[in-house]
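Colleague: Next come the chains, spelled out residue by residue.
2 protein chains.
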Amino acid sequence: MATTHARLGAAAGEDAVGYPEHLRSLVEDYLINLRFACEPGAAGLEEAMRYSLLAGGKRIRPVLALATARTIGRDPREVLALAAAVELIHTFSLIHDDLPAIDDDDLRRGRPTSHKRFGEDVAILAGDALYAEAFRLVLREQRGDPARLLEAVAELADATGVNGMVGGEYIDVRDLAGKQGVGLRRLHRLKTGRLIGAAIECVLLLSDVAASTLAEFRAFSGELGVLFQIVDDILDVTGTDAELGKPRGSDERHGKLTYVSQYGLQRARAMAADSHGRARAALARAVPGGAPDLEQIADFVYARSS
Amino acid sequence: MATTHARLGAAAGEDAVGYPEHLRSLVEDYLINLRFACEPGAAGLEEAMRYSLLAGGKRIRPVLALATARTIGRDPREVLALAAAVELIHTFSLIHDDLPAIDDDDLRRGRPTSHKRFGEDVAILAGDALYAEAFRLVLREQRGDPARLLEAVAELADATGVNGMVGGEYIDVRDLAGKQGVGLRRLHRLKTGRLIGAAIECVLLLSDVAASTLAEFRAFSGELGVLFQIVDDILDVTGTDAELGKPRGSDERHGKLTYVSQYGLQRARAMAADSHGRARAALARAVPGGAPDLEQIADFVYARSS
Numbered sequence: 044m045a046t047t048h049a050r051l052g053a054a055a056g057e058d059a060v061g062y063p064e065h066l067r068s069l070v071e072d073y074l075i076n077l078r079f080a081c082e083p084g085a086a087g088l089e090e091a092m093r094y095s096l097l098a099g100g101k102r103i104r105p106v107l108a109l110a111t112a113r114t115i116g117r118d119p120r121e122v123l124a125l126a127a128a129v130e131l132i133h134t135f136s137l138i139h140d141d142l143p144a145i146d147d148d149d150l151r152r153g154r155p156t157s158h159k160r161f162g163e164d165v166a167i168l169a170g171d172a173l174y175a176e177a178f179r180l181v182l183r184e185q186r187g188d189p190a191r192l193l194e195a196v197a198e199l200a201d202a203t204g205v206n207g208m209v210g211g212e213y214i215d216v217r218d219l220a221g222k223q224g225v226g227l228r229r230l231h232r233l234k235t236g237r238l239i240g241a242a243i244e245c246v247l248l249l250s251d252v253a254a255s256t257l258a259e260f261r262a263f264s265g266e267l268g269v270l271f272q273i274v275d276d277i278l279d280v281t282g283t284d285a286e287l288g289k290p291r292g293s294d295e296r297h298g299k300l301t302y303v304s305q306y307g308l309q310r311a312r313a314m315a316a317d318s319h320g321r322a323r324a325a326l327a328r329a330v331p332g333g334a335p336d337l338e339q340i341a342d343f344v345y346a347r348s349s
Numbered sequence: 044m045a046t047t048h049a050r051l052g053a054a055a056g057e058d059a060v061g062y063p064e065h066l067r068s069l070v071e072d073y074l075i076n077l078r079f080a081c082e083p084g085a086a087g088l089e090e091a092m093r094y095s096l097l098a099g100g101k102r103i104r105p106v107l108a109l110a111t112a113r114t115i116g117r118d119p120r121e122v123l124a125l126a127a128a129v130e131l132i133h134t135f136s137l138i139h140d141d142l143p144a145i146d147d148d149d150l151r152r153g154r155p156t157s158h159k160r161f162g163e164d165v166a167i168l169a170g171d172a173l174y175a176e177a178f179r180l181v182l183r184e185q186r187g188d189p190a191r192l193l194e195a196v197a198e199l200a201d202a203t204g205v206n207g208m209v210g211g212e213y214i215d216v217r218d219l220a221g222k223q224g225v226g227l228r229r230l231h232r233l234k235t236g237r238l239i240g241a242a243i244e245c246v247l248l249l250s251d252v253a254a255s256t257l258a259e260f261r262a263f264s265g266e267l268g269v270l271f272q273i274v275d276d277i278l279d280v281t282g283t284d285a286e287l288g289k290p291r292g293s294d295e296r297h298g299k300l301t302y303v304s305q306y307g308l309q310r311a312r313a314m315a316a317d318s319h320g321r322a323r324a325a326l327a328r329a330v331p332g333g334a335p336d337l338e339q340i341a342d343f344v345y346a347r348s349s
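Note that the protein sequences, when read in sequence, are chains S and B. The numbering of the first sequence is my numbering, which starts it at 44 and goes up by one. The numbering of the second sequence is my numbering, which starts it at 44 and goes up by one.
No lab work stands behind these hints: they were computed from the structure. Here the structure is a predicted model, which is why all the values come from computation and not from measurement. For every residue, glycine included, the Cβ atom is placed at its ideal position computed from N, Cα and C. All clues stand as given, with none of them false.
Cross-link-like lysine-lysine pairs, in silico, DSS-like; alpha carbons within 30 angstroms at most:
hint, chain 1, residue 1, chain 2, residue 2
1, S, K159, B, K299
2, B, K159, S, K299
3, S, K222, B, K159
4, S, K159, S, K299
Just some of the chain B residues that point at chain S, by a computed CB distance under 8 angstroms:
hint, residue
5, G84
6, A197
7, L233
With these hints in hand, go ahead and build the complete structure from the sequences.
Modeller: Now the structure itself:
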């Protein structure tokens with residue numbers, strides 16, 4: 044643990060920790076085959092959607108969904124539609140967050156952001172369309188008991204709405220985290236944590252899992268979301284532009300409250316270590332027999348350099 | 044018919060034709076009681092969402108949903124969650140369409156548009172949040188057989204995605220209607236028609252309706268969508284600013300291809316009359332015994348002045 048922690052922010056850390064690449068491949072193959080436009084006139088919109096969707100990345104959210112399926116004894120391929128929907132939604136949020144009126148970022152994963160490449164109008168609509176197609180995909184393609192599927196998709200909507208991802212983005216944009224008693228942890232619980240949690244929880248809602256197990260998984264995913272954000276804030280300060288695929292220090296330039304700006308780098312690193320420990324402990328309670336894929340993901344989120 | 048047609052664009056036409064106000068009241072009461080933010084930090088986001096959602100209007104889409112329920116012998120209150128979800132989605136699309144990067148409109152229903160009132164960042168997020176909450180609402184609150192509900196919500200997603208509302212908006216924004224063989228009718232089928240159609244079709248999907256009846260209703264809703272758009276284009280030229288709640292002639296200023304710019308005012312009026320006739324005929328086939336609410340709505344869409 045200490046070794047990993049010391050390497051945090053260095054590319055070596057990423058290599059030292061494994062990642063369920065077989066699950067990422069499943070996700071990547073599925074995403075690359077997705078087409079959206081039956082209408083010839085909308086081909087350009089599809090192009091913009093796929094430009095952002097296929098920009099690579101570790102696919103942490105959909106891989107979490109597939110790993111969760113495996114952990115509870117299901118074939119991960121059975122939840123690919125759901126997992127892909129989560130990634131579509133994540134991509135939608137990145138496109139809108141990058142817009143000039145919001146974070147005004149020109150680069151994402153080393154390439155021009157959607158609005159730099161296609162114009163602001165198309166970027167707004169590509170985000171909207173990814174959100175719509177995420178729901179269409181999971182509702183039309185995800186197999187499972189209808190009542191369970193309804194619950195899973197409702198959780199996905201809830202996790203990404205006012206009391207989830209978009210609400211968190213609003214709190215961030217209006218810089219309310221330091222005010223109104225919201226706090227950093229709550230901000231990130233909404234902005235990042237709930238979609239990460241939904242990637243796990245929706246798979247469990249689709250399956251036959253005891254309420255107590257669901258609660259243990261929620262403790263794990265909640266902590267994983269916190270860990271993800273602390274490391275994100277650290278990397279914004281310590282990472283290189285090449286690793287991040289965007290200019291380092293953008294949080295600072297935007298004057299954002301982050302774990303580093305609030306607690307300092309050293310304390311933030313200690314908080315990441317604590318959070319990682321708590322996430323692993325919660326996972327051990329959720330899956331007493333061990334969950335290699337999910338453990339790897341938790342370790343990766345802690346040790347990643349981008 | 045001829046009388047109504049002659050009055051098209053005059054406020055008197057609206058008064059002369061009835062409207063199912065009892066259904067509109069049900070919708071209005073339901074919408075006004077909707078709350079979205081459990082998170083105190085997101086209260087301002089909810090405020091922006093409700094500002095646009097509660098700006099009035101005829102509520103044609105949700106009223107169509109309720110009228111459809113009545114027509115097939117159901118209590119309209121049973122589909123209020125679905126109907127409201129359709130109106131949330133419509134509101135989301137208006138907010139994003141008005142953005143500076145898209146139509147750049149300052150006024151909507153006589154009031155400042157969302158971005159003029161709350162800023163562009165909040166307007167983008169308010170739109171996103173309305174879309175999320177629409178799905179949450181219908182998935183959590185709409186009663187019905189789970190498999191049927193899944194189908195209805197999938198139709199809602201499909202009708203508003205790449206091959207529906209957002210795709211139509213893309214074609215409009217990129218001015219592709221005159222190119223690539225898309226055509227005006229196809230553009231509006233996507234941009235406006237599919238959501239109007241979904242308001243009707245989703246209620247039928249939720250209910251036990253024969254496939255042949257569904258097809259007849261689709262013919263009606265498809266024609267109603269065309270009628271709606273032709274009249275919209277005529278009103279943009281003949282309406283007054285006060286009636287429209289925004290400056291007249293905005294299509295022309297944006298250099299948009301419309302029924303009026305393509306066919307001239309006189310021919311567009313004749314097309315509206317034809318379309319209205321076809322809509323009423325399709326409705327008569329769908330409901331041989333008569334459907335007073337839906338007939339009123341079709342007449343209103345034809346005769347409206349705003």
